[in-house]
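J.: Sequence:
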Amino acid sequence: MQAIDKKRTTIQKILKSNSKVLIYTLLFMAVIYWSAIGVKLNVVELMEGLPNMWNIISSMFPPSLANFGQYVSSMLITIQMSITGTLIAIILSIPLGIGAAQNMSPHSSIYRACRFILNVIRSIPELIVALVFVAAVGLGPFAGVMAMAIHSAGMLGKFYAEAIENISKGEIEALQAAGANKIQILRFAVWPQILPEFIGVSLYRWEINVRAATVLGLVGAGGIGFDLLSTQRLFKYEETATIIILILVTVVIMDRLCASIRSRII
Numbered sequence: 001m002q003a004i005d006k007k008r009t010t011i012q013k014i015l016k017s018n019s020k021v022l023i024y025t026l027l028f029m030a031v032i033y034w035s036a037i038g039v040k041l042n043v044v045e046l047m048e049g050l051p052n053m054w055n056i057i058s059s060m061f062p063p064s065l066a067n068f069g070q071y072v073s074s075m076l077i078t079i080q081m082s083i084t085g086t087l088i089a090i091i092l093s094i095p096l097g098i099g100a101a102q103n104m105s106p107h108s109s110i111y112r113a114c115r116f117i118l119n120v121i122r123s124i125p126e127l128i129v130a131l132v133f134v135a136a137v138g139l140g141p142f143a144g145v146m147a148m149a150i151h152s153a154g155m156l157g158k159f160y161a162e163a164i165e166n167i168s169k170g171e172i173e174a175l176q177a178a179g180a181n182k183i184q185i186l187r188f189a190v191w192p193q194i195l196p197e198f199i200g201v202s203l204y205r206w207e208i209n210v211r212a213a214t215v216l217g218l219v220g221a222g223g224i225g226f227d228l229l230s231t232q233r234l235f236k237y238e239e240t241a242t243i244i245i246l247i248l249v250t251v252v253i254m255d256r257l258c259a260s261i262r263s264r265i266i
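Under the working numbering, the very last position in the sequence shown is 266; numbers go up by exactly one each time.
Hints are computed from structural coordinates only; laboratory data are not their basis.
Bear in mind that the values here come from a model prediction, so they are computed numbers and not experimental data.
Every residue, glycine too, gets a C-beta built ideally from N, C-alpha and C.
In silico lysine to aspartate or glutamate, EDC-like type, Cα no more than 16 Å apart, as pairs: (1) K182 <-> E165; (2) K158 <-> E197; (3) K182 <-> E171.
Simulated restraints, written as ranges between beta carbons of each label pair: (4) W191 <-> R122: 21 to 27 Å; (5) G49 <-> W191: 53 to 59 Å; (6) V132 <-> N103: 31 to 37 Å; (7) F235 <-> N103: 53 to 59 Å; (8) K20 <-> A174: 47 to 53 Å; (9) V21 <-> I110: 43 to 49 Å; (10) M53 <-> K182: 54 to 60 Å; (11) F61 <-> S19: 52 to 58 Å; (12) Q80 <-> I183: 30 to 36 Å; (13) L139 <-> I110: 34 to 40 Å; (14) R187 <-> I110: 15 to 21 Å; (15) N119 <-> L26: 31 to 37 Å; (16) F235 <-> M47: 20 to 26 Å; (17) V249 <-> K169: 45 to 51 Å.
With the hints as constraints, model all of the structure from the sequences given.
T.: Here it is as structure tokens:
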């Protein structure tokens, strides 16, 4: 009798588990269907548009080198934007990250304030910030640099805070027992432990900012993105192809460079 009851209980558990899986699967499929309807996903239109897409791609070749020097100059400006924006972001995010780390923040009110600031500036897309700065300071790289710096500061500050909160407490407690102040604890206990992660995250953010600087140019924030948009609007697809290839080569070089730096330092 007990064996029958045990078997019945096992079957009921399996049926209950399967019913939950079925419900979650149906909910997931319903969300996908709702999203597809909302964005008017249409495979037929996509297939009908493939010939037009092919015409555009075929018109890009061979790439034109007529204004290659100008595009290289714009690409260098894009790299300069990413470097400057990342450096400003690091400078802004270090104090915010320390203040947002629960184990290092001087006061609970400072902790909450830093967390709030990081959440706000991280949640605003770079393009929105860039549009605000373009309206404030005009077209050009400066608006893009500031937009990049503000958004990146939010992301880096969050990563720095989490890195500080996850460090070993032993060294901190030893320094506190010896009478060390906050600055000394940061220098001798916190900094050595977070340095590899600090370098890795900062380099990764720089890689992202190289791509972000390209996109920011589309809203007039300087760099190669502005040239990309201009050639597309003027139907100079051969020059558009040149810019795209230049961007791809730059991104690959930046990726290799950052990987090399990480392997040598971390």
